[in-house]
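Q: The listed protein sequences correspond, in order, to chains U and A. Sequence positions in the first sequence follow our numbering and run 1 to 115. Sequence positions in the second sequence follow our numbering and run 1 to 108.
Calculated directly from the structure, the hints in this document are not laboratory data. The reader is advised that the hints may include incorrect statements.
Listed below are the simulated DSSO-like cross-link pairs for lysine-lysine, each with C-alpha atoms no more than 30 Å apart in a straight line [to be verified]:
1) 13(U) / 42(A)
2) 68(A) / 57(U)
3) 1(A) / 57(U)
Bear in mind that the values here come from a model prediction, so they are computed numbers and not experimental data.
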Amino acid sequence: KAGVTQTPRYLIKTRGQQVTLSCSPISGHRSVSWYQQTPGQGLQFLFEYFSETQRNKGNFPGRFSGRQFSNSRSEMNVSTLELGDSALYLCASSWLAGAYTGELFFGEGSRLTVL
Amino acid sequence: KQEVTQIPAALSVPEGENLVLNCSFTDSAIYNLQWFRQDPGKGLTSLLLIQSSQREQTSGRLNASLDKSSGRSTLYIAASQPGDSATYLCAVNNDMRFGAGTRLTVKP
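Let the hints inform the model, and build the full structure from the sequences given.
A: Structure, rendered in structure tokens:
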């Protein structure tokens, strides 16, 4: 069974540009959540999607957005990049039942460097 | 708002030692708690998931316990090995809240 796949693994952008990251969940998982990990702030929740609808959102500015497609694949977009957006962006998938989130499975992450 | 704390932030032990990592959470109304390990620059690998109705889970040399009333979980690692060196994180899944992690170094 294939795991969570994130692309691209590494990317370099300059300030002001935008970036789109992709996440393919484990087959059968309909919940996808995104996280930003930095040395200073640790792992912070960005948002969660379930059945193409945003279910939860963390405390990030509107420059961070996401979406989920009918096949459960998800993308996140960061517009007007800032130096502070340099981070490892992680995606996790899980099955979901009501408010209960099952076991989280993570991808290897996308390492974004903003110059 | 759920807060998750992990103490200590870093731990260094000699090979073969048994050790305990701690995780505290402020809101006891949790559905489950999950422990992960993370190697440098990599994603998170799931170690153990404890559902709210369970007291503990075991996998090999790992044992995780959960005490909802006191807001605590512990991860016990028996007979530590250099390959166990990594950062260990706990998470309250339904809140999507993670601790900052404990960086473990096991010295040969």
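Q: Would you list, in rising numerical order, the hints stated earlier that this structure does not obey?
A: none
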